[in-house]
Every structure is written in C-alpha cells, then in structure tokens.
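Here the protein sequences come in this chain order: S and G.
My numbering puts the first sequence at residues 1 to 247.
My numbering puts the second sequence at residues 248 to 490.
Source of the hints: derived by calculation from the structure; they are not laboratory data.
Please note: incorrect hints may appear among the correct ones.
Stated by the list, open to error - Result set (DSSO-like, lysine-lysine): computed pairs, CA atoms no more than 30 Å apart in a straight line:
1. G:Lys385 to S:Lys12
2. G:Lys406 to S:Lys21
3. G:Lys406 to G:Lys396
4. S:Lys21 to S:Lys140
5. S:Lys12 to G:Lys488
6. G:Lys396 to S:Lys12
7. G:Lys385 to S:Lys21
Residues per chain, in single letters:
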Amino acid sequence: MNRVGRILISLKMQALEQRRKLTILMLVFILPVAFWASIYYTAGEDPVPITVPTLNGDVKMFVPTKKSYPIDLGLMAASWSMATVAFFAESGSAERDRRLVLCGYNPSQILFARLILLTAVAFLTSVFPLIVFVLILSPKHPWILWLAFFIAGLIAMEIGLIIGALIPRYTEGVLTLIALIGIGMSLQGETAKFFPIYPARQLFRSGLFAEDPLVLPFIRDELLIFVILMIVTIVFWYFRIRVRRWS
Amino acid sequence: MNLGNYDKNRKHDNAKNLTNCERLISGQKEPGASGTYENTRPPLLEVRDIHKRFGRLKVLKGVDLEVNRGEIVGITGENGSGKSTLLKIIVGFLPCDQGEVVLRGAFGYCPQNPLLFDDLTMEENISYFSAAYGLDQKEGISRGNELMKMLRCEQFRGKLTRHLSGGTRQKLNLIISLLHDPDILILDEPYQGFDYESYLSFWEIARNLKEGGKSILVVSPIVYERYYFTRIYKLEDGRLKHE
Chain S
1 MNRVGRILIS LKMQALEQRR KLTILMLVFI LPVAFWASIY YTAGEDPVPI TVPTLNGDVK
61 MFVPTKKSYP IDLGLMAASW SMATVAFFAE SGSAERDRRL VLCGYNPSQI LFARLILLTA
121 VAFLTSVFPL IVFVLILSPK HPWILWLAFF IAGLIAMEIG LIIGALIPRY TEGVLTLIAL
181 IGIGMSLQGE TAKFFPIYPA RQLFRSGLFA EDPLVLPFIR DELLIFVILM IVTIVFWYFR
241 IRVRRWS
Chain G
248 MNLGNYDKNR KHDNAKNLTN CERLISGQKE PGASGTYENT RPPLLEVRDI HKRFGRLKVL
308 KGVDLEVNRG EIVGITGENG SGKSTLLKII VGFLPCDQGE VVLRGAFGYC PQNPLLFDDL
368 TMEENISYFS AAYGLDQKEG ISRGNELMKM LRCEQFRGKL TRHLSGGTRQ KLNLIISLLH
428 DPDILILDEP YQGFDYESYL SFWEIARNLK EGGKSILVVS PIVYERYYFT RIYKLEDGRL
488 KHE
C-alpha cells in the first residue's frame, strides 16, 4: 500500500470514529451556541463604544450592547468547539496511534489525515454560526465574518491538538481548554492582543461594522500564528507518538 | 527491521502457493521446517544488558535474552516485576537507560492492555492495522477473517470494539499482532479473558507458528502448560533466571 492509500485509510477511519462520537460532538457545538444565545437575548440595547479597524485606521463606533457581545463570544464559542473536537481526536487515540506507528504507519501520515479531517470540521464549524450571524446581525461583509470564523477555527484546532498531545487525559485536558477559553474571554485592552485569535477578532469587527474593512494585515498575522502553532503541534505530536526502531 | 514492509518479509511457497498465514491456519509446515527447527541462523531476538529505572526504582538490572527460530520462550514473574516493561522496551514503546535489542525480521506485538480503536468495528480495526502493515485491504481483511474464525469471534466482526467483551477485545488484540505473518510474536499476557476453547486455539496457532520456524515470546504471571515452551525464565530482582 502506498502513502496516499495509507493517508486515505487513516482519514476514513478517523472520520468514522468522529461520526460515532455524535453525542459528544452535538454537545460540543450546542453548548457554546446556547451560551451565546442566552447572553445575546438578555443583553440590553444601550450603546457601547467599540474600536473597529478600517482601511483608514481605527474608528470608534457606538453599537448596541447585544451587538457588541457576539464579536468576542461568537468567536470564542466557535474556537471552543473546534479546540475540543481537535483535543478529543488527538487525546483519545494517542496510544493507539503509537501502535499504528509501531506497525508501520509513518506519524506524518496519521497527522496529515487528522489535519485534513479537522480542517473540514473547521469549515463546517465556520458555516453554521455564519448563517446565524447573517440572519441576526446583518453584517456589512458576511464573507469576512466567515473568514474570521474559519481562521479562528484553524488556530483553535492547533491549540486542541497541542493540548491533546501534552495532556492526554480527558478531564485535565478539557479543564485546561475551558481555562484557556475563559482567559481569552476575560482579556481586555492591550493584553487581548496576545491571544492567538485576536487578529481573527479584529477581522470579525471589521467585517461586521466597517464600510471599508481591513483584511490583509489580520490574515497575515493569523497566518504567522498558524505556522508557529503548526510547528509546535508537529513537535509535540512527534514527541508524543515516537517509538524506537532498534535495527 | 521494517514492520510496514510486509511484502519484503513475506515468504511464499510457489509450489503449493501457500502463504505463511495460510500455513498457520492449516497447520502445514514451511519447506525445510521440522518439529525442532534447525537454528543455523542468528537468533530472531537478542536482548543485551537492558537496564531500566523509574525514578529511584530500578526495574531491570541487566536483562539478557535470546530467542531463536522455532522457539516459544516464556517469561514469568510477580506483578510489578518488570515483565511488561521489558516487552515495551523490546518493541520500542519505551526507552531503556542502557542496553541493546536486535530484532531480525518482522515482529508482531500484542500489548497487555488492548490498544484498539473503540469507535471502530472489529473489521475496521483489522482494516486500519492492515494498512499500517502495508497489506492490501482485501488481503488484510481476508487474513483477519481467517484468524477470527480460528479464535471463534467472527460473529462479532461488525460490532463496535467498545461493545465487545474483554476476552473478545483480547482476541482482536492478538489477531492484529498476527495479521502480517510476523517472524516473531511478542505477547504480553495474550490469553487473559479467553474461554477454554479459545485458549486451546491460541496454543494451536502458537504450535503451528513454531513448526513453521516462527518464534514466540510470551509474558504471563502464571504458566500452566509448561510443555508448550522451549524455555521459561523468571524475571526476579530485575534479572532473568532460568526456571
């Protein structure tokens, strides 16, 4: 069997596994949506100031409170879902993946198949909230919102994979994810810039409110973060899955 | 050693067109093989001076072992004596602090805790591991089916692994280690949870492998049928002692 065949088999088996974890997946996607909806429908109409990046520099705007919440919460919710799916994909099969490697799989073939599968999930994860947001928020540039969701999903996927490789036990891993998301939600001002999905958040604001949105610098920044996290993911993955070949 | 490169290691009897796996099922011997296999070739497994410690606890203090072709070697020992640790080091799952292992030919490893994909069926697990061994999918599944029949679990082939009983999971664990027709089988308590018929089937497979010139290293805390084994060692105080 050639490399492509092995990757395809791995992709098929990982997809089958994820499909059969339907209850977990449903909870992972419904929980943040329910959380977001409860805040959206209870928030007031009082205007709050927010900074919106545009092609002509940052612009301060006043938007109703209920419209300002979705910016952070929406992205955080999508990130939580994606990071959790990635974490479960990685954490649940770490030792089994090692056995596959022992039997002849190349670690890169399993990881590549997993990345393809999770990218597809990130795509689906970005489409569902987009539909909700387009219906409720009437964004100026829906495609930018989609892009922000998709990029945030990819970054979250890498975070989930890293935590899955570092903390293979479910309970500790999920608690770490919740803590990370909680920290991300509470970060304000300058410190928020250090959170990996900050550029996606700025992209989201721009697409939601700006007439002339700023896109490229945020994509560039997220691409850089994506590459750095991918390197970390690969390093931890190889560390987690390594076996010794004696001769 | 390249486990994934099955085709290179596979021997084929052109005259009778039997693969080693088919021979294993039928109990026929490999050409040139006799009940006592002639060991003119170097051992399939050589373990030299293996040391391993976990923190302050020295588990292995210089383990030496050789397994020749056509031998069934047993290792016993108390719980926590380091039997599984030794096997994990041999197959490469665990690094050792000192020592060396030489493995000649393809090996199959059956870990103590079945490492299986719980959300896949038995057949899907077999298919996935066949791909790992580099086997053609049809060929892998066909071998898996034959082995399932031998171990009396073919009726569960479409069942999710997480719904299987402990004994059936262990059978699947063993089947996976046999799929690629390895030269040496390294088994960590392979028959725990087996019913008596399956236990006998296991020893039938083991006997056929031995007669075909294959080797088996079995770890078990208790050894009942000593006559199956070529040699039995006891792992005590971090070293192997001949029993």
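Going down the list of hints, with the structure as the test:
no. : hint                 : result
1   : G:Lys385 to S:Lys12  : holds, 16 Å
2   : G:Lys406 to S:Lys21  : holds, 15 Å
3   : G:Lys406 to G:Lys396 : holds, 15 Å
4   : S:Lys21 to S:Lys140  : violated, 37 Å
5   : S:Lys12 to G:Lys488  : violated, 47 Å
6   : G:Lys396 to S:Lys12  : holds, 26 Å
7   : G:Lys385 to S:Lys21  : holds, 27 Å
Going down the numbered hints, you'll see the structure goes against 4 and 5, while the others check out.
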